[in-house]
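Enquirer: Sequence:
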Amino acid sequence: MAGETVFTVARLNEYASRVLSNDPRLRSIKVSGEISGFKRHSSGHLYFTLKDQEAVISCVMFRSAASAMKIDPKDGMQVIAHGSVSIYARDGKYQLYVDGMRASGEGELYRQFLLLKAKLEAEGVFENARELPALPRMIGVATSASGAALHDIITVTRRRFPNMNILLAPCQVQGPAAPAEIAAAVRALQRFPEVDVIIVGRGGGSYEDLSCFNDEAVARAIFASRVPVVSAVGHETDFTIADFAADMRAPTPSAAAELCCPVLADLEDALSGARETAARLASDALREAENGLKRLTGSAAMANPHYAIGLIRERLRAYAQRLDSGVKTALMASEAKLFGRLEKLKALGPAEVMKRGYSIVTDEHGNVIKDVSGLEPDKRIGIQMAGGSASAVVTEIN
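Counting from 1, one number per residue, gives the positions in the sequence shown under the working numbering.
No lab work stands behind these hints: they were computed from the structure. Remember, predicted model here, so these are calculated numbers, not experimental data. Glycine included, C-beta positions come from ideal geometry on N, C-alpha and C. One thing to keep in mind: the hints can contain errors.
[Claimed, not checked] Per label pair, the in silico range of CB-to-CB distance: (1) S32 / K370: 47 to 57 Å; (2) E131 / V394: 40 to 50 Å; (3) R191 / T362: 27 to 37 Å; (4) P162 / S391: 24 to 34 Å; (5) D363 / T8: 42 to 52 Å; (6) E121 / S391: 52 to 62 Å; (7) E131 / I71: 51 to 61 Å; (8) D266 / S64: 22 to 32 Å; (9) G205 / A103: 45 to 55 Å; (10) H151 / S32: 36 to 46 Å; (11) I29 / K370: 26 to 36 Å; (12) D266 / T395: 38 to 48 Å; (13) L115 / D363: 53 to 63 Å.
[Unchecked claim] Derived pair list, reagent style DSSO-like, types lysine-lysine, alpha-carbon separation capped at 27 Å: (14) K51 / K117; (15) K344 / K370; (16) K370 / K337.
Work the whole structure out from these sequences, hints included.
Expert: What follows is the structure in structure tokens.
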């Protein structure tokens, strides 16, 4: 239309920035809030957010102002910041440019965190420290179905142990509904007998993003788990309540997968080593017995054949007892470990997995279909299950 004003994005951001910068109240304003997401850049500039229980605002403090500050800011600190409000025109980001800051007491959210931590610690909720299974039959995962955490866990697990079973209990890991969903997911995974360990977490984020893991319901669900739980909230420095309640903490989901999943090649090497040890013990014992007999036959005792025969019998009996108590015991122990690990490996094979209600779906060329993205309407598929197989035609994909 003639005469209408149309802004480019850049002009709009510049205009909004001028409006805010020209407001006298916003050119010099004090804001009270709790520091969160604090980062000190290599340039000397400080980046953080100020928050209360209702809102947050992004903040920047340049090196010149930061060097003159008399406090050491950190997450959870309640402060009064002085500065000006403007818009970073390139990103259209509204933020507070801080030129001074002083402490005003402990942040409310951090205070609540400390109170909950003290309460649960007094009740023994943080006492779980169970060992993780050496070879879990199935790893349970409580996280978002679409997040990077699940992808990282699957990638690491498949690299270390290709046949390892993973069971996902999808849940929100951010927002008001997240705590209840995380707790429910942890409980749901325990209903599957094959689940021997659980990973719960997400792929990092700000302090606010991780707040759902500072929830009492999540901590109690982790504490009540019948199997060990590894927390993997994805934050290197800050601990959450879930980290304290878990049996073990991992800094990232990938690290959690490495803790829970053994390397198949290492297990195979251990089995081979057990066989070699058993064979070496048997060989050493027999060699010692042969050497003893040789020493005996060359001794003066052979001048009296009856005495020599009796002495030989006694020593043979002693060697036999040593074989029974030493070599046989070692062989039995090694054999027991070997068969135990073989049974676990067998339980993870496709045939045994299908006996527990799972099936393998293939396309018309025999390729395994891993998810619904491999399905096409009106295409024939094969279904392999315990006891036989079947074919079907895809009529609908949800």
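Enquirer: Are the hints correct? Go through all of them and say.
Expert: Each hint, compared with the structure:
{"no.": "1", "hint": "S32 / K370: 47 to 57 Å", "verdict": "52 Å, holds"}
{"no.": "2", "hint": "E131 / V394: 40 to 50 Å", "verdict": "45 Å, holds"}
{"no.": "3", "hint": "R191 / T362: 27 to 37 Å", "verdict": "29 Å, holds"}
{"no.": "4", "hint": "P162 / S391: 24 to 34 Å", "verdict": "27 Å, holds"}
{"no.": "5", "hint": "D363 / T8: 42 to 52 Å", "verdict": "50 Å, holds"}
{"no.": "6", "hint": "E121 / S391: 52 to 62 Å", "verdict": "58 Å, holds"}
{"no.": "7", "hint": "E131 / I71: 51 to 61 Å", "verdict": "43 Å, violated"}
{"no.": "8", "hint": "D266 / S64: 22 to 32 Å", "verdict": "54 Å, violated"}
{"no.": "9", "hint": "G205 / A103: 45 to 55 Å", "verdict": "26 Å, violated"}
{"no.": "10", "hint": "H151 / S32: 36 to 46 Å", "verdict": "40 Å, holds"}
{"no.": "11", "hint": "I29 / K370: 26 to 36 Å", "verdict": "55 Å, violated"}
{"no.": "12", "hint": "D266 / T395: 38 to 48 Å", "verdict": "45 Å, holds"}
{"no.": "13", "hint": "L115 / D363: 53 to 63 Å", "verdict": "56 Å, holds"}
{"no.": "14", "hint": "K51 / K117", "verdict": "21 Å, holds"}
{"no.": "15", "hint": "K344 / K370", "verdict": "24 Å, holds"}
{"no.": "16", "hint": "K370 / K337", "verdict": "34 Å, violated"}
This entry does not satisfy hints 7, 8, 9, 11, 16, going by the numbered hints stated previously.
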